[in-house]
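Peer 1: Top line first, the protein sequences correspond to chains A and B. Number 111 in UniProt numbering belongs to position 111 of the first sequence; there are no gaps in the numbering. Number 280 in UniProt numbering belongs to position 280 of the second sequence; there are no gaps in the numbering.
Because the hints were derived from the structure by calculation, they are not lab data. Mixed in with the good hints there might be a few duds.
Unchecked claim - On the chain A side, residues computed to face chain B include the following (Cβ under 7 Å):
1. Glu182
2. Leu279
3. Asn283
4. Ile284
5. Gly287
6. Val290
7. Gly293
8. Ser296
9. Ile396
10. Ser397
11. Asn401
12. Tyr412
13. Glu413
Don't be surprised by glycine CBs; every beta carbon is placed ideally from N, CA and C.
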Amino acid sequence: MKLIIKEYLGLLLEREELDAILPDLLSQMGLNVYTKPMRGTPEFGVDIAAVGSINNGVESVYLFSVKEGNLTRSTWLSSSPQSLKPSLEQILDAYIPSRIPPEHIDKPIVICPCFGGDVNTNVKQDLAGYEKRNTQGNISFENWNGDKLAGYIEDYLLNEELLTSPLQSLFRKSLALIDNPEASIKHFIILLNMILEYKSIDEPKRLSQINVCLWILYSWGRDLGNIETAYLAAEKSILFAWEIAKKDQGKNNKNMKAYYSILNTYNKISSDYIENKILPYTNIKHGISVAIGLQSDVSVNLKLFDLLSRLAIYGLHLQNKLFTLKPEENKNIIDKIKKCTSSIKEMIINNPLLLSPYKDDQAIDIFLALYLLSYDNEHDSFVAEWISHLINLSFISYTGNAKYPSNINKFYELLEHPASTDIKYKHKVTKASILYPTLAIFSALYKLDNLNDEILKFVNQHFQHCTMLYWYPKDDSEHHFYIKNKLHGAELTSIQLDKDKLLDQVFNECQSSNDFFNLSIIKQKLEPILLTACRSNRTPVPLHVLCDFYESSFINNKETTKQINADVQPSNSNTV
Amino acid sequence: MSYLDQILENANQGNIKNFLLHEKHLDHEETINIANEIVKLHNDNTFNLNFMLSEIDISKNEEANSHTIRKIYNKALSHLQSPISEVINCINHLSKSNSYISNCYWARDGLINYFKENCKDLVSTLEIIKSGIDPNLDSDLLVFFLTAYYEISYEEYIGITNKLLCSKVDFHRKSAIESMFLYSLKTQKEIDNFKIPELIKQFNTESSENIKSELINVIFWISQFKKDTSYDEVLSIIPVKDNVELFEVFFNNISHHQTYLNKSLIFKVVKLIHGNFSDNTRFVANLDLFLYGLLNGSDDFYPSKIFFEFIKNNQSINIDLFSSFSHKIAENPKSYSYLLTKLFLSKEYLLSKIAYQLISQKNNKNLEIEYISELNQQNPIKAAKKAFGWLFTHPITIASYLVSILKIVDEKSQIEVEKLLFDPLLISYPGELGKYLDLIIEKKDPEISHKLEILKSKMEQHFLQLRQIHIPELFAPLSHYEQHNNYMNQQFEKGYEEAPKGALTELFFSNKVHLLYSNKIITQYTRSSGKAVRSEHELHSHSFSMEFPQLETLDPINLNYMLYAFRNGEVK
Chain A
1 MKLIIKEYLG
11 LLLEREELDA
21 ILPDLLSQMG
31 LNVYTKPMRG
41 TPEFGVDIAA
51 VGSINNGVES
61 VYLFSVKEGN
71 LTRSTWLSSS
81 PQSLKPSLEQ
91 ILDAYIPSRI
101 PPEHIDKPIV
111 ICPCFGGDVN
121 TNVKQDLAGY
131 EKRNTQGNIS
141 FENWNGDKLA
151 GYIEDYLLNE
161 ELLTSPLQSL
171 FRKSLALIDN
181 PEASIKHFII
191 LLNMILEYKS
201 IDEPKRLSQI
211 NVCLWILYSW
221 GRDLGNIETA
231 YLAAEKSILF
241 AWEIAKKDQG
251 KNNKNMKAYY
261 SILNTYNKIS
271 SDYIENKILP
281 YTNIKHGISV
291 AIGLQSDVSV
301 NLKLFDLLSR
311 LAIYGLHLQN
321 KLFTLKPEEN
331 KNIIDKIKKC
341 TSSIKEMIIN
351 NPLLLSPYKD
361 DQAIDIFLAL
371 YLLSYDNEHD
381 SFVAEWISHL
391 INLSFISYTG
401 NAKYPSNINK
411 FYELLEHPAS
421 TDIKYKHKVT
431 KASILYPTLA
441 IFSALYKLDN
451 LNDEILKFVN
461 QHFQHCTMLY
471 WYPKDDSEHH
481 FYIKNKLHGA
491 ELTSIQLDKD
501 KLLDQVFNEC
511 QSSNDFFNLS
521 IIKQKLEPIL
531 LTACRSNRTP
541 VPLHVLCDFY
551 ESSFINNKET
561 TKQINADVQP
571 SNSNTV
Chain B
1 MSYLDQILEN
11 ANQGNIKNFL
21 LHEKHLDHEE
31 TINIANEIVK
41 LHNDNTFNLN
51 FMLSEIDISK
61 NEEANSHTIR
71 KIYNKALSHL
81 QSPISEVINC
91 INHLSKSNSY
101 ISNCYWARDG
111 LINYFKENCK
121 DLVSTLEIIK
131 SGIDPNLDSD
141 LLVFFLTAYY
151 EISYEEYIGI
161 TNKLLCSKVD
171 FHRKSAIESM
181 FLYSLKTQKE
191 IDNFKIPELI
201 KQFNTESSEN
211 IKSELINVIF
221 WISQFKKDTS
231 YDEVLSIIPV
241 KDNVELFEVF
251 FNNISHHQTY
261 LNKSLIFKVV
271 KLIHGNFSDN
281 TRFVANLDLF
291 LYGLLNGSDD
301 FYPSKIFFEF
311 IKNNQSINID
321 LFSSFSHKIA
331 ENPKSYSYLL
341 TKLFLSKEYL
351 LSKIAYQLIS
361 QKNNKNLEIE
371 YISELNQQNP
381 IKAAKKAFGW
391 LFTHPITIAS
401 YLVSILKIVD
411 EKSQIEVEKL
421 LFDPLLISYP
431 GELGKYLDLI
441 IEKKDPEISH
451 KLEILKSKME
461 QHFLQLRQIH
471 IPELFAPLSH
481 YEQHNNYMNQ
491 QFEKGYEEAP
501 KGALTELFFS
511 NKVHLLYSNK
521 IITQYTRSSG
531 KAVRSEHELH
541 SHSFSMEFPQ
551 LETLDPINLN
561 YMLYAFRNGE
571 VK
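Given only the sequences and the hints, what does the whole structure look like? Please build it.
Peer 2: Structure representation (structure tokens):
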């Protein structure tokens with residue numbers, strides 16, 4: 001295990017990545033971390049400061065200067081302010097005299113140059129000489145290289161007692177299968193389940209274990225050039241971890257801090273995935289589709305909708321972050337959201353299978369994308385066109401017996417679908433739908449009356465057998481939302497697709513089924529995590545998230561509505 | 001020994017019959033020589049050829065030899081001095097045992113010559129023939145007789161045929177009419193002897209549909225020689241109401257005598273055919289045969305025009321019934337292109353579908369066609385889209401069609417065609433079409449080479465861009481690949497099981513032998529002579545490949561919707 005951890009440490013590419021794991025480790029070692037890494041230049045050479053006792057030693061103040069990879073001549077001393085030697089000098093000259101908290105001023109001070117790799121031979125003498133010269137009084141030096149860090153991580157986070165042999169085995173399997181994400185993630189989910197159930201270990205420790213495992217998985221995947229497992233694992237990690245952390249919802253304790261560390265790791269992985277693996281290719285005609293593989297349209301379709309919702313979730317996380325920032329801080333985030341939404345639009349235009357859902361539950365992916373796009377009315381015309389195409393192509397496929405949206409979930413059956421032109425088969429595979437209600441709801445919210453009429457007409461004509469429904473969280477949802485191990489919530493059936501009744505019906509039900517507001521993740525103001533749970537666990541997105549949109553739709557400008565309705569005529573459209 | 005010596009020797013030994021029975025393969029000259037010698041012996045009363053041949057049980061002889069005997073007799077007939085009754089009996093005997101022709105057409109030339117040689121007995125001969133010998137032969141005998149009579153004296157011939165036309169006996173009228181059809185009228189006097197109004201009158205009073213259709217043939221035939229003929233008048237005799245039998249016989253006749261008839265007139269006749277002939281396989285087979293013949297040596301569009309006119313009124317036809325025509329027309333690119341263009345320009349969905357069926361019948365993926373602009377109706381873009389809707393799975397065929405349209409349309413339409421060529425066509429078939437475009441570009445056609453070069457480079461750029469995207473994270477899950485392979489294998493197995501009996505694979509594996517550890521097969525067998533034979537053969541693998549259209553994976557529903565709309569002519 002130590003070798004795995006050491007390799008992982010060596011693979012960390014940026015100083016921030018080592019920073020991310022170190023405070024957790026120190027906390028788990030029993031130290032009190034009083035200075036955490038900040039963006040930019042460290043405070044007088046110190047990236048992390050902690051106080052406490054390691055291995056029952058004397059209680060000391062530990063001052064860390066963190067550098068990535070191996071310590072080389074250039075990272076030891078160069079013109080860069082990030083070089084180690086200047087940092088150490090700052091610690092000695094400025095930090096120790098002025099920044100040590102008064103209550104720790106009499107304690108021994110250990111300055112810890114910290115790096116994920118090793119000290120290169122040609123710098124060893126310089127470092128040793130420097131440390132020898134400056135070891136005096138209560139000041140001493142202790143090098144935390146990859147080997148030492150790996151030892152501590154193994155001892156304090158992943159040791160046999162904490163991460164038992166079966167868990168370590170699962171983790172190793174997940175790492176070994178990293179090239180086969182489908183298999184790898186299965187092992188990782190079992191691992192998460194076991195960590196979740198390991199209640200004899202305290203929550204912050206279990207959360208840190210999840211974070212370290214996720215980090216290792218990510219760094220390995222990144223090194224191998226495939227972070228698909230890491231992405232899926234990150235999604236599952238934030239959901240499993242919330243199940244552990246949620247009892248402290250609303251507090252600012254170790255538990256929640258550990259949870260936010262995982263969330264940061266998730267954001268790091270998600271950002272890497274979206275920005276490097278998807279965004280550069282959305283503007284290429286058929287680019288993403290071809291990248292998925294030309295073997296079958298079903299594979300392409302499933303993956304495209306999956307990627308669409310990943311992109312949407314990324315944007316929704318950013319959107320949520322936007323609410324927490326001051327206006328002067330949010331330009332970068334706004335740019336990222338704009339890039340994300342324009343990429344969603346490009347992706348839909350350039351990958352036409354995104355106009356033809358094959359599965360009814362792809363309504364979830366569509367919902368998420370529409371939800372993100374609904375934040376900016378600049379996208380209204382596009383949204384109208386996309387919905388129009390989704391509706392028309394679904395109907396055309398159904399009447400023309402092409403691959404129409406169905407309740408089939410098994411891949412093989414989807415390949416065969418439609419297995420028959422017989423009406424009995426058609427009815428069997430379209431027993432119920434959230435797709436058409438979803439499209440009808442958004443059409444109504446955007447006041448796309450003609451689309452609502454089309455849906456109503458088609459449903460009346462061909463879908464009398466199909467239960468039109470929508471899902472609402474109930475009191476049991478809190479227990480199963482994040483880790484879906486049981487069906488939960490309730491479904492509103494007999495939805496009236498008539499545009500005059502639909503919105504009132506479904507949003508009035510939001511008021512009746514108001515358990516949504518009691519969900520711990522909503523109380524924590526982490527709505528994107530809830531949306532991630534919907535995406536990952538294939539749970540319909542609670543309509544409550546659209547309540548504001550519903551209310552604002554009453555005051556929508558009629559002229560705008562008219563314009564959208566004019567734009568949405570499929571024959572006039574050449575955008576989507 | 002010379003033939004004569006052999007015949008004389010056989011005759012002296014009373015073996016002339018055996019000699020004929022054993023003489024199997026004779027060329028033309030040999031046949032004439034033998035016939036001449038035999039005629040001499042017959043006329044010298046050495047033997048009676050008619051009696052002798054009437055004694056041969058020809059049905060027990062091999063077909064080749066029966067054929068030889070008939071050939072010799074046909075040649076001998078010209079100079080044979082025999083009463084008509086003997087000749088007719090002999091012909092009747094030799095015809096009856098003919099397994100593949102139940103008439104005496106084989107003796108046509110001989111009989112005509114015989115009648116001419118024995119013209120002094122013509123009146124009594126006519127009476128014998130008119131009285132009827134055998135229903136299978138009567139009509140032919142009378143036709144040959146009349147043919148001979150025409151060559152002796154056409155005035156008298158006219159008199160006889162006029163009388164025959166008034167006869168109540170069907171074969172008399174039928175033969176009289178059929179005989180008219182056989183003549184090439186040279187002088188004005190000859191032409192004037194045949195009166196169209198009379199024939200039309202005959203048509204209107206005729207009760208037999210069979211004879212009516214013969215009359216139509218004759219009227220058409222003679223009309224061609226008369227400068228003042230009004231085709232409208234001639235065509236007016238075709239009943240407005242469907243007359244399946246009439247057309248059936250008409251096409252049966254013209255399928256055998258097509259070169260005599262004016263193609264434009266037949267085209268007009270076909271235009272008059274209304275109603276459902278789709279299930280009339282005999283009629284369709286005759287039309288198929290007629291069109292096949294018409295295509296031979298034809299460099300005009302009449303075969304295509306006639307075919308189109310027919311299927312226009314019989315859209316539910318099973319195109320497989322036109323196998324001879326569809327095979328032949330594919331060898332004639334201009335006619336083929338003309339027909340396809342006409343079909344694609346039609347408003348009828350089923351007619352365009354027939355174009356697709358014709359092309360699919362001809363299993364040639366490199367088939368090139370072109371838009372024919374010599375049609376009255378002109379709308380190349382409409383034809384392009386229709387053709388595109390139907391022929392998307394025949395990339396080279398549709399590409400060649402679009403390229404031909406690119407050459408003739410204005411700039412605005414060119415953009416439309418180029419768009420179709422690029423997306424979805426080139427995007428779907430970069431391999432096959434990439435190579436095909438290279439071939440056209442190499443021809444350096446100033447009108448299109450440059451445009452195609454631009455398209456080709458656009459396609460290359462597009463695929464270069466796509467090839468650069470190698471993101472393992474985006475790959476479909478491995479389990480999808482496995483399941484998809486299983487699915488495809490299952491589909492191929494199903495397809496193999498459902499393949500029609502007699503398919504190529506069935507022929508290959510009709511008697512399956514399985515090899516497990518090698519790719520060579522050793523067989524041993526014993527010949528009828530008792531000699532043991534051993535042979536060793538290496539098995540070679542056979543494979544074929546085809547390019548699946550990429551858009552079937554990337555955008556199947558839109559693609560199919562587009563094709564559907566194009567087929568129906570619904571999308572602008």
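Peer 1: All hints are to be evaluated individually against the structure, with a verdict given for each.
Peer 2: Going down the list of hints, with the structure as the test:
{"no.": "1", "hint": "Glu182", "result": "4 Å, holds"}
{"no.": "2", "hint": "Leu279", "result": "11 Å, violated"}
{"no.": "3", "hint": "Asn283", "result": "10 Å, violated"}
{"no.": "4", "hint": "Ile284", "result": "6 Å, holds"}
{"no.": "5", "hint": "Gly287", "result": "5 Å, holds"}
{"no.": "6", "hint": "Val290", "result": "5 Å, holds"}
{"no.": "7", "hint": "Gly293", "result": "5 Å, holds"}
{"no.": "8", "hint": "Ser296", "result": "5 Å, holds"}
{"no.": "9", "hint": "Ile396", "result": "6 Å, holds"}
{"no.": "10", "hint": "Ser397", "result": "6 Å, holds"}
{"no.": "11", "hint": "Asn401", "result": "10 Å, violated"}
{"no.": "12", "hint": "Tyr412", "result": "5 Å, holds"}
{"no.": "13", "hint": "Glu413", "result": "10 Å, violated"}
Of the numbered hints given earlier, the model fails hints 2, 3, 11, 13; all others are met.
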